[in-house]
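Colleague: Let's have the full structure, built from the sequences with the hints guiding it.
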Amino acid sequence: MRKLLFYAIPILFIMMTFGLMISGSWLKEPMREDDQLEKFIQNIESHVENNHWHEAKREHANAKTAWNIVSKRIQYSVERETMYEISGLLSRIEGSIEGQDKNSALVEIYYFYELWANFS
Amino acid sequence: MNEALVVIVRAIMTFFTLLIYARLIGKQQIGNLTMFDYINGITIGSIAGTMATDVSSKALTHWIALTVFIAFTLILQYINIKYRYLSKVIDGEPVTVIEDGKILENNLKKTRVTRDELMVQMRSKNVFDPTEVEVALLEPDGTLSVLRKNEFQFVQKKDLHIPVTRAKLTTEIIVDGVILQQNIQQRGKDLAWVQAQLKKKGFDNLEGVSYAAILPNDSLYIDLVEDHVSNTNDISDYEGPY
Chain Z
1 MRKLLFYAIP
11 ILFIMMTFGL
21 MISGSWLKEP
31 MREDDQLEKF
41 IQNIESHVEN
51 NHWHEAKREH
61 ANAKTAWNIV
71 SKRIQYSVER
81 ETMYEISGLL
91 SRIEGSIEGQ
101 DKNSALVEIY
111 YFYELWANFS
Chain B
1 MNEALVVIVR
11 AIMTFFTLLI
21 YARLIGKQQI
31 GNLTMFDYIN
41 GITIGSIAGT
51 MATDVSSKAL
61 THWIALTVFI
71 AFTLILQYIN
81 IKYRYLSKVI
91 DGEPVTVIED
101 GKILENNLKK
111 TRVTRDELMV
121 QMRSKNVFDP
131 TEVEVALLEP
141 DGTLSVLRKN
151 EFQFVQKKDL
161 HIPVTRAKLT
171 TEIIVDGVIL
181 QQNIQQRGKD
191 LAWVQAQLKK
201 KGFDNLEGVS
211 YAAILPNDSL
221 YIDLVEDHVS
231 NTNDISDYEG
241 PY
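Chains Z and B, in that order, give the protein sequences.
Our numbering applies: residue 1 is where the first sequence begins, and numbers increase by one.
Our numbering applies: residue 1 is where the second sequence begins, and numbers increase by one.
Calculated from the structure, these hints are not laboratory results.
Nothing here was measured: the structure is a model prediction, and the numbers come from that model.
You can take every hint at face value.
Away from chain B, derived, C-beta distances all over 12 Å, residues of chain Z:
#1 Asp35
#2 His47
#3 Arg58
#4 Ser91
#5 Gly95
#6 Gly99
#7 Tyr110
Have a look at the derived ranges for each label pair, beta carbon to beta carbon:
#8 Z:Ser25 x B:Glu3: 15 to 23 Å
#9 Z:Asn50 x B:Ala71: 54 to 62 Å
#10 Z:Ile69 x B:Val178: 50 to 58 Å
#11 B:Lys88 x Z:Ile69: 55 to 63 Å
#12 Z:Arg2 x B:Asn106: 51 to 59 Å
#13 Z:Arg2 x B:Asn233: 42 to 50 Å
#14 Z:Tyr7 x B:Tyr211: 30 to 38 Å
#15 Z:Leu4 x B:Val178: 19 to 27 Å
#16 Z:Leu4 x B:Thr170: 26 to 34 Å
#17 B:Gly208 x Z:Tyr7: 35 to 43 Å
#18 Z:Leu4 x B:Tyr211: 31 to 39 Å
#19 B:Glu139 x Z:Arg2: 34 to 42 Å
#20 B:Gly208 x Z:Ile69: 57 to 65 Å
Cβ coordinates follow ideal geometry from the N, Cα and C atoms, glycine included.
Modeller: Structure follows, in structure tokens:
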């Protein structure tokens with residue numbers, strides 16, 4: 001039993017550590033209703049394209065809540081710089097919605113898609 | 001996003017990963033450090049430090065680098081054991097720096113060791129006169145091995161025909177008041193023998209015994225929790241605290 005634990009504990013620890021470090025790619029995926037960040041951003045895109053600024057603002061609030069939830073899950077495995085970048089992006093999208101600047105909002109939204117696709 | 005929490009988790013991951021990897025490398029690294037082992041150790045430590053604290057990059061990147069370094073260290077260890085020639089290519093060979101009392105300047109130059117450094121190493125081996133030396137070798141780990149000429153070698157018990165007994169280790173049998181049964185059996189004794197010895201020294205039980213061991217001459221050494229020593233050998237100059 002002692003010998004088994006002697007080998008099992010380190011192997012288990014290494015596996016858990018490795019699992020935690022690569023967990024970003026699946027922990028970023030939605031797990032409940034209010035953490036569907038990508039879906040909220042897609043909704044913002046369609047509202048912005050149709051000039052529905054009020055709805056876009058509402059979806060942005062949802063996106064911000066979703067990001068708060070997701071960021072707590074993925075913070076152990078991803079680069080902090082990229083997390084700051086996403087936080088900054090959300091703020092810039094918010095500014096573009098406030099200013100009703102369709103072009104600027106779309107630029108930021110498409111940058112988000114690119115960042116999110118490679119985020120893990 | 002809590003940076004402190006991330007650092008705590010990453011530090012725990014790094015600490016135990018290093019502990020496991022250090023056990024994998026084994027004991028070779030401690031006693032026998034060549035220049036490469038030394039630099040390798042520093043690099044591994046540096047990668048581990050970055051893995052724990054540099055939250056701007058992924059822990060995985062550093063973990064992979066750490067694992068690759070450890071894997072290559074293990075591969076080199078395997079090569080050293082399995083292939084003697086490659087082992088010499090990697091670690092180098094011992095170099096003769098003194099022969100028959102003469103310093104071999106050319107070999108010294110090849111190893112980039114100065115005469116002063118050589119003398120320091122000799123003195124640390126208690127050799128103050130190079131003419132006493134038959135051969136001195138500079139080992140791959142940088143230490144000097146010295147063989148004195150026959151006329152300057154120490155007299156051994158064997159030379160004087162003094163009868164000797166087989167050398168033994170000191171075996172711990174009580175640590176912090178706890179008896180180590182396995183060790184008592186290893187020395188061919190039993191609990192009754194220990195109790196008899198304790199009684200002989202004036203102890204009825206283990207209370208107050210911090211440490212006890214069977215010495216090479218089969219007698220029992222006992223150290224008490226309370227030492228009752230005088231301050232005659234106290235080398236402090238001030239009362240302190242420091």
